[in-house]
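Quick note, the sequences are listed as chains A and B, same order.
The opening residue of the first sequence carries number 2 in my numbering; numbering runs sequentially from there.
The opening residue of the second sequence carries number 1213 in my numbering; numbering runs sequentially from there.
Worth flagging that the hints you see were computed from the coordinates, not collected in a lab.
Mixed in with the good hints there might be a few duds.
Where chain A lies over chain B, by a calculated footprint (3+ residues, C-beta under 8 angstroms) [claimed, not checked]: (1) 1284-1294; (2) 1341-1355.
Selected chain A positions facing chain B (in silico; Cβ < 8 angstroms) [unchecked claim]: (3) 111; (4) 112; (5) 136; (6) 137.
We put the beta carbon where it would ideally sit given N, CA and C, even for glycine.
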Amino acid sequence: MVTAEQVWDALAEIPDPEIPVISLVDLGVIRSVDVAGEQVRVEFTPTFLGCPALEVMRDAMTDRIAALGAEPEVRVITDDSWSTDRITPEGREKLRASGFAPPAPRENGGPQLVQLQSKAFRCPYCGSRDTALENIFGPTPCRSVRYCRSCRQPFEQFKTI
Amino acid sequence: MSAQRLLELADDELILGWRNSEWTGIAPMLEEDVAFSSIAQNEIGHARALYELAARELGTTADELAFDRSPDEYRCSKLVQLQLVPDWARTIARHVVYERADQQRLEALKGSDEAELAGLAAKIDREEAYHRMHAQMWAERLADEPRFNEALAELEPLVDARDEHLPELGELWEEMTMVRRSVAGATW
């Protein structure tokens, strides 16, 4: 019989389809794992509602759980429980190490344009705060593009949501 | 909330998403190709989640609601029906007008007694915050531009006009549903 711990370990091996340096567990999108006999129920929250990786993630979870010999039920929960604050400290470090600046903590009232235009964001390559907003939007909905004036390198900034 | 009101929201987001995607590849600068494509992707994602809520109430599916109604059954605002390419000033004016109205609507829905709807509205709002920042940035840039200000005055009254169906909505519908209509039994 499969245990919840085995399921969590299996899910921790599934990479985010668009940012494969971090796993679904690092990303904080797995809300719960419930094991009842052969049945395993996983609840997960999308990061962004229009994220095309949603189906890929759901299918990958279903396959991994089935590979453990259990019957998977993966439920997508579109409530407000996911925020970038749920990315784990390990996940944040993995992002930074691969050139994605991790999201700033969410403050009351949410992000403001004046903050994005400030120098509060650190370059993931050289650590300088002398960085400028290039574009609020980037290669996927969850990222912005910034430019580091210190090491003259553009980089991707995970949006705070 | 009634399924009809949910459809108003979902239709607004779907049609605006399509309109925004018309800038993909031809926006005045590369950054805006990326921005409008990304905003389009978000809006269509919101539409899908809203259609799913409505579909459960109506005993149908999100895809059927999005693509199997006739153009005159859509409940979207006249604001989002307009085909504005290649007019950048009016596109930005619509963006500003829509995001402002959408913010008010989402604020009200976040306080809804229906927990599922309130939660979804709050999730949508987290993403919309970035659309609003983008609109704000452009509104500041174009603040002294007469074409932008004329467009604001022209478009503001259209937000709540839902009973009129412009011919260009029918043209968009043809394009939007073409694949689905051409493949019998397709499940997308």
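The hint names residue 136 of chain A as touching chain B; please verify it with the least Cβ-Cβ distance against 8 angstroms. Holds, about 4 angstroms.
Hint validity - residue 111 of chain A Cβ closer than 8 angstroms to any chain B Cβ: holds (5 angstroms)
Examine the stretch 1341-1355 of chain B: at least three residues should have C-beta closer than 8 angstroms to a C-beta of chain A. holds (count 6)
Chain B contact restraint on residue 137 of chain A - CB to CB distance below 8 angstroms: holds (5 angstroms)
For the hint on residue 112 of chain A, does the least C-beta distance to chain B fall short of 8 angstroms? Holds, about 6 angstroms.
Three residues minimum, CB to CB under 8 angstroms: does the stretch 1284-1294 of chain B make the cut for coverage by chain A? Let me know. violated (count 0)
Checked against the numbered hints given earlier, the structure breaks only hint 1 and satisfies all the rest.
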